[in-house]
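K.L.:
Model the full structure from these sequences, guided by the hints.
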Amino acid sequence: MEKSRPAPTICNIGNFTLEQVASYNIHIDTGNTKTPSVITLHEVPGFLIEAFSKFQQLEGCRVEGVFRKEGNSLRCKENPMPVFFGTKMIPPNFLVHDVCSWIKKFFRELRQPIFVTRETKLLQFAESLNGDVLFGALISLLDRLPPSHMGTLGYLMRCLQEVKIN
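The sequence shown begins at 655 in this note's numbering and counts up one residue at a time.
Simulated from the structure, these hints should not be mistaken for lab results.
Where hints are given, some of them may not hold.
Unchecked claim - Straight-line alpha carbon distances no greater than 16 Å define the calculated EDC-like cross-link-like pairs of lysine to aspartate or glutamate that follow:
1) Lys758 <-> Asp797
2) Lys759 <-> Glu704
3) Lys742 <-> Glu732
4) Lys818 <-> Glu718
5) Lys657 <-> Glu673
6) Lys758 <-> Glu732
Keep in mind that this is a model prediction, so the values were computed, not measured.
P.N.:
So, in structure tokens, the structure goes:
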């Protein structure tokens, strides 16, 4: 893992973009033994890396309703922006549901969602496709995403897959 963008000096703005937060390039071994299996997810927000690490540390996979139930209202009302931007760590008193609430809040606070209007329309169109045509449409969609969106989406999907498996 290598830092791709440092934390900004000003971090108390609402509705930020992925390009404004501290981020890392993460090298992941996909486990494929037939081809080179290391991929790089570019510009993954440091907050997400920390949040899912804390989730694992707190054994979040053993907790019921992790992304359905809200965290403690007093803890979750703390200002998350310095944590989202990477200038502070998640408070040590946070529990699994608190961390998950902040993960959801992180994505809600983004000024530009991972999939903007154009990509959302393409996804809706792709729902009617099958097989190779569907695969091609999804690859085309992913190729259009900025590196920060692609890296964030890839990291999020891998983490959610881990939650599902466990």
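K.L.:
Determine for every hint whether it applies to the structure shown.
P.N.:
Verification of the hints:
1. For the hint pairing Lys758 with Asp797, the CA-to-CA distance comes to about 25 Å; that exceeds 16 Å, so the pair is violated.
2. At most 16 Å may separate the alpha-carbon atoms for a hinted pair to count; Lys759 and Glu704 meet this at roughly 15 Å.
3. With a C-alpha separation of about 12 Å, the suggested pairing of Lys742 with Glu732 holds against the 16 Å cut-off.
4. For the suggested pair Lys818 and Glu718, the alpha carbons sit about 12 Å apart, so the restraint of at most 16 Å is met.
5. Only pairs whose Cα atoms come within 16 Å are accepted, and Lys657 paired with Glu673 is accepted, the gap being roughly 13 Å.
6. Straight-line distance between C-alpha atoms of Lys758 and Glu732 comes to about 15 Å, which keeps the hinted pair within the 16 Å bound.
Hint 1 from the list above is the single one not met by this structure.
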